[in-house]
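Participant: As a plain string of letters, each chain reads:
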Amino acid sequence: MREDLLADLRAMWRIRAFEEKAQALCDSGEIRGSVHLCIGQEAGPVGACDALEGSDALFATYRGHGWAIARGAPLRPLMAELLGRATGVNGGRGGSAYLSAPEHGFHGENSIVGAGAPIAVGAALAGRYDGTHRVAMTVFGDGAMNQGSVHEAMNFAAAARLPVLFLCENNRWSELTPIRETVHNETLTDRPAALGMPAVRIDGNNPAVVRETVSDLVEAAREGGGPAFVELSTQRLVGHYVGDPQLYRTREELAADREREPIAVAVRRLAEAGVDEGEIEEARSSAFAEVERAVQDALADPPASRGSVREHIYA
Amino acid sequence: MPDDEIIKVNYSGAVNAALRRVLAEVPQTLLYGEDVAKPGGVHGVTKGLWKEFGERVFDTPISESAILGSAVGAAMMGRRPIVEIMWADFFLVALDQMINQAANVRYVSGGRLTAPLVVRTQQGNSPGACAQHSQNLEALFLHVPGLRVAMPSTPQDAYDTMVSAVYCDDPVVVFDNRTLYFGEKQEIVTGRPPAPVGGSLRRRSGSAATVVTWGAITHRVLTAADRLAERGVRVTVIELPWLNPFDGDAVIDSVSRTDGRLAVVHEANVTAGFGAEVVARVAEAGVLRGRPVRIGVPDSRIPASPELAAALIPDVDRITMEVGRLAGE
Ligand SMILES: Cc1ncc(C[n+]2csc(CCOP(=O)(O)OP(=O)(O)O)c2C)c(N)n1
Chain R
119 MREDLLADLR AMWRIRAFEE KAQALCDSGE IRGSVHLCIG QEAGPVGACD ALEGSDALFA
179 TYRGHGWAIA RGAPLRPLMA ELLGRATGVN GGRGGSAYLS APEHGFHGEN SIVGAGAPIA
239 VGAALAGRYD GTHRVAMTVF GDGAMNQGSV HEAMNFAAAA RLPVLFLCEN NRWSELTPIR
299 ETVHNETLTD RPAALGMPAV RIDGNNPAVV RETVSDLVEA AREGGGPAFV ELSTQRLVGH
359 YVGDPQLYRT REELAADRER EPIAVAVRRL AEAGVDEGEI EEARSSAFAE VERAVQDALA
419 DPPASRGSVR EHIYA
Chain X
32 MPDDEIIKVN YSGAVNAALR RVLAEVPQTL LYGEDVAKPG GVHGVTKGLW KEFGERVFDT
92 PISESAILGS AVGAAMMGRR PIVEIMWADF FLVALDQMIN QAANVRYVSG GRLTAPLVVR
152 TQQGNSPGAC AQHSQNLEAL FLHVPGLRVA MPSTPQDAYD TMVSAVYCDD PVVVFDNRTL
212 YFGEKQEIVT GRPPAPVGGS LRRRSGSAAT VVTWGAITHR VLTAADRLAE RGVRVTVIEL
272 PWLNPFDGDA VIDSVSRTDG RLAVVHEANV TAGFGAEVVA RVAEAGVLRG RPVRIGVPDS
332 RIPASPELAA ALIPDVDRIT MEVGRLAGE
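Protein chains in written order, with the working numbering: chain R, 119 to 433; chain X, 32 to 360.
No lab work stands behind these hints: they were computed from the structure.
There may be inaccurate statements among the hints.
To be verified - Straight-line alpha carbon distances no greater than 20 Å define the calculated SDA-like cross-link-like pairs of lysine to any residue that follow:
1) X/Lys69 / R/Arg290
2) X/Lys78 / R/Gly357
3) X/Lys69 / R/Arg298
Unchecked claim - To list a few chain X residues with every Cβ distance to chain R over 10 Å, as calculated:
4) Ser94
5) Ser101
6) His164
7) Glu308
In this text, all values refer to a predicted model and were calculated from it rather than measured experimentally.
Every residue, glycine too, gets a C-beta built ideally from N, C-alpha and C.
Could you build the full structure based on these sequences and the hints that come with them?
Facilitator: Take a look at the structure:
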């Protein structure tokens, strides 16, 4: 357990370091435009991606840096993409909100709330015909539960018994509005359950819990059991987007969120298990050093060339 | 109704002032959408209105179909809903309610039912906006009879079109461009009686050519026109704060006074953009002489990288050069 927890902590720190670096590069003007960080939500990707195989397909939202990293996409081209470099995973066209790395089973972020859900259904559908029986996983926020596309996708997947995992990261906020003000029944699992699929709410701050739950459901889906829904209870420690002054949030609430965020919890648990501070610190600094190297390399990469701007519109 | 008054506001302040006025003046109005009430809108445009008007201003779930569809229903029952679609790109998840429903209500009921709602949205490109937050979609809505479409570019016009939109008995879409929101404060006149929708604005006068434009890019066109004027080439610039109704007469009249020379400048893609319609109308009127010029984005998706995106959106240099060439420079 000790080794596993330490490995999870390393994986979460890689994401945290990437995000903090992205934030700094936004502040210094090197990254421009809209960037949505997943600081505080690292346990979900780290736990859930382990449940997937290489040929499975993952569809994320604009808050997807952590998912891309957990899926195995290398740091340098991911950061290069945020920086608008020619070497970016998408040559500067996608940017922070559309990272994709299909060779790692990361089929892209999406900036339209809820749009990934029906697309994931299609990926699973294709797997039925091409014989791969791939599992498709789609990640979205609590706010996205209120999109028609998500309802339609869940019902379609249930009716067709397709292997789709619907993963809802409930960080309680939809941009600047809390979930309690946009739904009457806050028990989000009631909806997919009513459509006929297993639906559970779990601690989204514990990567081991996420891994175990998601693995079981993915296996069941792979064996023909149809779709499933997992609500990860989590929090974001930063604004909705970089630059959001978070006027809607109280200090007390943020303080409570800092207590329960996954990295703080993992560090506490390791200390309680008697792991010495030096080892924990080594894990942290090596993750940050790895990200720092990738960022320095990406910063040295050439910008995307203007002449290429109209490539890739058509085949 | 308040008397004529002069206030100093920027573009978003002007929209805010117009909304405050209509909420106060028209008891049937409702204002709602994602993050518009307590948070005051993601761009701060609706700040303070919730405090002032209470339950007539409220936040909704992220449910564009329900936002637009409920506006259609409420409007049919006598309310005047003003709803926000946060970015025009998000309209696309709920077009049924706009195009199949709202635009049809009056027609299919033989005029016995109407859906006088206003949709506020914003579009365009700003540095680093992603591909699904960068599109210029006006042509999509202009293809649909039954909808009114406005695209103001100054604080005064933003104020005027919003007031007119709320008093209009048709469904109206008002497109702002987010690059305009935080511009300079300007003096605007408020409190005038609402003007009927439509009309155009002659922003510059000159006989060398007619340039037709709308939305945020109007400002680049005006700078280009000023540069050309310094070189002795004076062009007429006609801005269309309303694209439907389209003030074709003013455009045709102007082109005939500028030797049949016409350029259209917009931020949207060129193919099947509204520029094509403007050119066709003028051609049909038989006043075109020589080749008309369409300036817009060269039919591309919009990249995230600000440098790449800048290569696509017409800038002042390009507009100056192409219009100058048209005017025989
Ligand atoms: C269809 C659509 N409507 C609105 C938006 C604007 N928007 C972007 S993120 C967001 C909040 C989403 O909240 P949630 O689904 O809880 O995800 P989170 O950002 O918390 O991860 C909204 C309203 C959008 N991108 N797409």
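Participant: If a hint holds in the structure, say so; if it doesn't, say that too.
Facilitator: Going through the hints against the structure:
With a C-alpha separation of about 16 Å, the suggested pair X/Lys69 and R/Arg290 falls inside the 20 Å cut-off, and the hint holds. For a cut-off of 20 Å, the pair hint linking X/Lys78 to R/Gly357 stands: about 19 Å separates their Cα positions. The suggested pairing of X/Lys69 with R/Arg298 holds, with an alpha-carbon distance near 14 Å, which does not exceed 20 Å. Taking the minimum C-beta to C-beta distance to chain R, about 5 Å, the non-interface status of X/Ser94 is violated against the 10 Å cut.
Remark: the non-interface label on X/Ser101 is consistent with the geometry, its nearest Cβ contact in chain R lying 13 Å away (cut-off 10 Å). Consistency note on X/His164: stated as away from chain R, yet its beta-carbon is not over 10 Å from all of that chain's, at 6 Å minimum. Its beta-carbon lying about 23 Å from the closest one in chain R, X/Glu308 satisfies the requirement of being farther than 10 Å from that chain.
Checked against the numbered hints above, the structure violates hints 4 and 6; every other hint is satisfied.
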